[in-house]
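J.: Construct the complete structure from the given sequences, taking the supplied hints into account.
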Amino acid sequence: RTPQISDLQAAEHPETSSGGSPKASAHRAWGAPLVIDIGMGLGADARYYLRQGFRVVGVEANPLALDAAMADPGTAPYLLSGQLSVLNAAIAAPNATEAQTAFWVIPQRPEQS
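Just so we're aligned, residue 1 is where the sequence shown starts under our numbering, counting upward by one.
Source of the hints: derived by calculation from the structure; they are not laboratory data. Some clues are possibly wrong.
Stated by the list, open to error - Simulated restraints on C-beta separations:
1) Q108 - G82: 28 to 36 Å
2) P33 - Q108: 30 to 38 Å
3) G31 - Q108: 36 to 44 Å
4) P107 - G31: 34 to 42 Å
5) V57 - E111: 31 to 39 Å
6) A96 - G31: 28 to 36 Å
7) E111 - A76: 16 to 24 Å
8) G31 - A102: 38 to 46 Å
9) P73 - T97: 38 to 46 Å
10) A76 - V35: 14 to 22 Å
Glycine included, C-beta positions come from ideal geometry on N, C-alpha and C.
T.: Set out below in structure tokens:
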């Protein structure tokens, strides 16, 4: 079994360990390793890493997907604790000169754009 960040935190802080709960990890969120989730979508990968104790910055160009991810009840505690930060943005090539990025949004399927 590969050790997880939650194992290390439990060993360092046994009095606050609660299996990766947002409240228990809020005070040490800034000391945790950082994951940048580019193309966050609905946030499934971000929530996985958050539950493991990582800090996550989610980047998503599709505002409908970002709204759906933020509406998930499992996301709110991580936003409030500062363990999760989100950015509604697209990634462009270093030499790109366009100020905007175009993409299709399917309202019935926010995870697809």
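J.: Does the Cβ-Cβ separation between Q108 and G82 fall within 28 to 36 Å?
T.: The hint (28 to 36 Å, Cβ to Cβ) holds, given that Q108 and G82 are roughly 33 Å apart.
J.: With 16 to 24 Å as the target window, see if E111 and A76 comply at their CB atoms.
T.: With a Cβ separation near 19 Å, E111 and A76 satisfy 16 to 24 Å, so the hint holds.
J.: Look at the Cβ atoms of P73 and T97 and judge whether their distance stays inside 38 to 46 Å.
T.: holds (41 Å)
J.: If you check the beta carbons of P33 and Q108, does the distance land in 30 to 38 Å?
T.: holds (36 Å)
J.: Holds or violated: 31 to 39 Å for the Cβ distance of V57 and E111?
T.: violated (19 Å)
J.: A range of 36 to 44 Å was offered for this pair. Does it hold for the Cβ distance of G31 and Q108?
T.: Distance hint for G31, Q108 holds at roughly 41 Å.
J.: Using the Cβ atoms, figure out if A96 sits within 28 to 36 Å of G31.
T.: Roughly 35 Å apart at Cβ, these two residues keep to the hinted range, so it holds.
J.: Return holds or violated for the Cβ distance of A76 and V35 against the range 14 to 22 Å.
T.: holds (19 Å)
J.: Given the hint of 38 to 46 Å, check if G31 and A102 actually sit that far apart at their C-beta atoms.
T.: holds (39 Å)
J.: For P107 and G31, compare the CB-CB distance with the range 34 to 42 Å and indicate the outcome.
T.: Check passed, 40 Å falls within 34 to 42 Å.
Consistency with the previously given hints fails for number 5 only.
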